[in-house]
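**Student:** Spelled out from the first residue to the last, the chains are:
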Amino acid sequence: MGKVFKYTLIDLARNRFVLGYALLMLALSQGLFLLEDDPMKAMLSLVQVVLALVPLIALVFTVVYLYDIQEFTQLLAVQPIARQSILGGQLLALATALLVAQGFGLGLPLLVHAPGPSALMLSLSGSALVLVFAALGALIALRQREKARGVGMALVLWLGFVLVYDAMLMWLMFTTSDYPVEPFVVPLAALNPIDLARILVMLEIDLAAMMGYSGAVYKSFFGSAAGMAMAGAILISWVLMPTWGAFRVFRKKDL
Amino acid sequence: MRTLLLLLVVLAIVAPARALTWMHRGGGDPTLKNLLLSAAPGDTIVIEGTVAEGALVIEKRLTLWGRPGAVIDGLNEDDALLVKADSVEVRGLTFRNPRRSNLDDKAGLKVANCTGARIVGNHFDHCFFAIYLSGAKGALVQGNTVQGRPGEEESMANGIHLWKCSAARILDNWVEYHRDGIYFEFVTGSTIERNTTMHNLRYGLHFMFSNNDAYMDNHFERNGAGVAVMFSKQIVMKRNHFLANRGASAYGLLLKEINDGEISDNEFVDNTTGIMVDGCNRLEVRSNTFRSNGWALRLFANATGSSFRGNTFAGNTFDLSTNGSLMLNTVEGNYWDRYTGYDLDRDGTGDVPHRPLGFFTLLVERQPYAMVFSRSLFVALLDRAERLLPSLTPEAMKDDRPRMRPPGTTAKVEKPAGTVMARRSVPSSMLFAWLLLACSMPYFAAHG
Numbered sequence: 001m002g003k004v005f006k007y008t009l010i011d012l013a014r015n016r017f018v019l020g021y022a023l024l025m026l027a028l029s030q031g032l033f034l035l036e037d038d039p040m041k042a043m044l045s046l047v048q049v050v051l052a053l054v055p056l057i058a059l060v061f062t063v064v065y066l067y068d069i070q071e072f073t074q075l076l077a078v079q080p081i082a083r084q085s086i087l088g089g090q091l092l093a094l095a096t097a098l099l100v101a102q103g104f105g106l107g108l109p110l111l112v113h114a115p116g117p118s119a120l121m122l123s124l125s126g127s128a129l130v131l132v133f134a135a136l137g138a139l140i141a142l143r144q145r146e147k148a149r150g151v152g153m154a155l156v157l158w159l160g161f162v163l164v165y166d167a168m169l170m171w172l173m174f175t176t177s178d179y180p181v182e183p184f185v186v187p188l189a190a191l192n193p194i195d196l197a198r199i200l201v202m203l204e205i206d207l208a209a210m211m212g213y214s215g216a217v218y219k220s221f222f223g224s225a226a227g228m229a230m231a232g233a234i235l236i237s238w239v240l241m242p243t244w245g246a247f248r249v250f251r252k253k254d255l
Numbered sequence: 001m002r003t004l005l006l007l008l009v010v011l012a013i014v015a016p017a018r019a020l021t022w023m024h025r026g027g028g029d030p031t032l033k034n035l036l037l038s039a040a041p042g043d044t045i046v047i048e049g050t051v052a053e054g055a056l057v058i059e060k061r062l063t064l065w066g067r068p069g070a071v072i073d074g075l076n077e078d079d080a081l082l083v084k085a086d087s088v089e090v091r092g093l094t095f096r097n098p099r100r101s102n103l104d105d106k107a108g109l110k111v112a113n114c115t116g117a118r119i120v121g122n123h124f125d126h127c128f129f130a131i132y133l134s135g136a137k138g139a140l141v142q143g144n145t146v147q148g149r150p151g152e153e154e155s156m157a158n159g160i161h162l163w164k165c166s167a168a169r170i171l172d173n174w175v176e177y178h179r180d181g182i183y184f185e186f187v188t189g190s191t192i193e194r195n196t197t198m199h200n201l202r203y204g205l206h207f208m209f210s211n212n213d214a215y216m217d218n219h220f221e222r223n224g225a226g227v228a229v230m231f232s233k234q235i236v237m238k239r240n241h242f243l244a245n246r247g248a249s250a251y252g253l254l255l256k257e258i259n260d261g262e263i264s265d266n267e268f269v270d271n272t273t274g275i276m277v278d279g280c281n282r283l284e285v286r287s288n289t290f291r292s293n294g295w296a297l298r299l300f301a302n303a304t305g306s307s308f309r310g311n312t313f314a315g316n317t318f319d320l321s322t323n324g325s326l327m328l329n330t331v332e333g334n335y336w337d338r339y340t341g342y343d344l345d346r347d348g349t350g351d352v353p354h355r356p357l358g359f360f361t362l363l364v365e366r367q368p369y370a371m372v373f374s375r376s377l378f379v380a381l382l383d384r385a386e387r388l389l390p391s392l393t394p395e396a397m398k399d400d401r402p403r404m405r406p407p408g409t410t411a412k413v414e415k416p417a418g419t420v421m422a423r424r425s426v427p428s429s430m431l432f433a434w435l436l437l438a439c440s441m442p443y444f445a446a447h448g
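Same order as they appear, the protein sequences are chains A and B.
Sequential numbering of the first sequence, starting at 1, is according to the numbering used here.
Sequential numbering of the second sequence, starting at 1, is according to the numbering used here.
The set of hints was computed from the structure by calculation and includes no laboratory data.
It is possible that some hints are incorrect.
To be verified - Label-pair ranges, simulated between beta-carbon atoms:
(1) D104/B to A225/A: 44 to 52 Å
(2) G341/B to K3/A: 30 to 38 Å
(3) L124/A to F186/B: 50 to 58 Å
(4) V112/A to E262/B: 41 to 49 Å
(5) P390/B to D254/A: 43 to 51 Å
(6) A248/B to L24/A: 37 to 45 Å
(7) A167/A to G324/B: 20 to 28 Å
(8) P180/A to N302/B: 26 to 34 Å
(9) A233/A to A248/B: 23 to 31 Å
(10) H241/B to R143/A: 53 to 61 Å
(11) V112/A to H241/B: 37 to 45 Å
Ideal Cβ positions, reconstructed from N, Cα and C, are used throughout, including at glycine.
Use the sequences and the hints to build the structure in full.
**Tutor:** As structure tokens, then:
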């Protein structure tokens, strides 16, 4: 697994897309911080960018990359290497490359311009989103033989997480507003990793509003140690479950 | 004979008995109670050490002066000190242990039905009511510290309590851990300046039925429900700081049924709601700063004839919210950090109106739990759409002359060398607007 990890990482380091991703994030965050007078405002714009863009890029890049190295994977598979090690090394390298790129493009400017708990929370949840969507991307790429369909599925999945889920939840909330179902909205929203990441960041940034009538519910839910542990558990299971699925598919897959 | 009599009268008027100064050491003889009875009007009593004689009453014009460390202990009997005479001065004393009673309000120092009391530089340690002025005219309360204990606010009454007073001056006091910090009921023509009230259970400052008062340069922080001004007319509120008053029903400033008030140059930071305006008429809200609040301004539809000019709204989750479609107030010439318009003629005001009320604001007003969608992409798109083509938000709810820069900053901001010049345009929001337009093109093409 170590060798696969190493060579995949070297390949990724030369990949223009990863470099481009790092530079894009750097340009975005640096630009926002320089153009806005108020670092807090830049941070808020950055939150929206990160929450929408990071999952998209992690998802699409993982899918595309895994299709691209298919031949290399086949080559590895004929060697006396366990399939688990092949996929494990590749996924680990992918995650490492994306995290490093993101740390450079997002973490560094945050550290320079707005150090503090909200910056930390933003980088942490950004990293969690990278892992979650890389795992989902791996599952899609391994289940779907055709590259075009895989990328299409990735896009649909992204749209679902970033827009459709919220829209459905909001619709649900308003159609059932005659019943006391509101408290269920928080856990339901938390099931979506993007929403969960957003709520975690908002609890740091919009603290004043979050202390309001309804926000107090979220604060008590996520502010406590148990809530934090739960948020962490949800994010980790969002990483582990698709990864496990990917391994299961890959083990039996006819390459 | 007649001349002699006249001379005597003149002498009696011109040269009254000289005022005496008495020293009293706590526990000494005669007791302070006796001294208060035997002293002549105009005398001064200097107090040292701890006086533990229970409830004391002053019924003539005296000055009570505490040396450092002087304490009046009420022994839970009644008001620790009750002042019933005009022009009494109480200075430099520490008060403790008045009787706790919710039936008859007992205080560390109560001033009842008299004129010109001066309460200066005292300390109130964990008193039920600390300073209680009832029917007092022209009282001065200055430089006192009033402290309850953390965790015991429930059993505390108000710090500085005024009932049916006029021309009072409440200056430079510090009130902490009480029920209300400063409470005004039926108080007229009074000023409250440079006080600090923090960590009070209910309101830092509470006005009820009090007209023609002013409060300036005060600091209100982390009070359970902020500051409330209710059912009062002609109140002036200037240069106060409202900080971190957080909670479901906490307000930096809660205004209910206020007529002709003036609110200017205040600072609202980190409150759940900066100002809540409920049923107010002809308010003038000018040059205030709202920063990092949950809701900067909640303007209910039952407010009329009020104007909001020259305020700065920056970094708030919601700048403005309302509960109806009626809008009979003027919102003009404010600075909104969310404003995305342009200023082609460079006169400092934006060329297109700003609509501070977003779709999401209305959504949360109707369904508070929708707060969970705060700043999600979906909501951002809906918000942007609503601002471009308002359909749900009241048409009149807009600022026709939004400022490009916060008031007080000039057009040419001098920045230290090496930093990039500040620019007003907001690239991300422009991006969103274009994205939305681009996305909606096929729709318009298909349905237009």
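**Student:** Run every hint past the structure and note whether it holds.
**Tutor:** Each hint, compared with the structure:
Against the hinted window of 44 to 52 Å, the Cβ-Cβ separation of D104/B and A225/A comes to about 46 Å, which satisfies the hint. Look at G341/B against K3/A: about 58 Å separates their beta carbons, and that is not inside 30 to 38 Å. Checked against the hint of 50 to 58 Å, the pair L124/A and F186/B passes, with Cβ atoms roughly 55 Å apart. Look at V112/A against E262/B: about 43 Å separates their beta carbons, and that is inside 41 to 49 Å.
Checked against the hint of 43 to 51 Å, the C-beta distance between P390/B and D254/A comes to roughly 57 Å, which is inconsistent with it. Distance hint check: the CB atoms of A248/B and L24/A are about 41 Å apart, consistent with the given range 37 to 45 Å. The supplied range of 20 to 28 Å is met by A167/A and G324/B, whose beta-carbon atoms lie about 26 Å from each other. Between P180/A and N302/B, the C-beta spacing of about 28 Å keeps the proposed range 26 to 34 Å intact.
Roughly 28 Å separates the CB atoms of A233/A and A248/B, a value that falls within the hinted 23 to 31 Å. At about 59 Å, the beta-carbon gap between H241/B and R143/A stays in the expected band of 53 to 61 Å. At roughly 31 Å, the beta carbons of V112/A and H241/B sit outside the given window of 37 to 45 Å.
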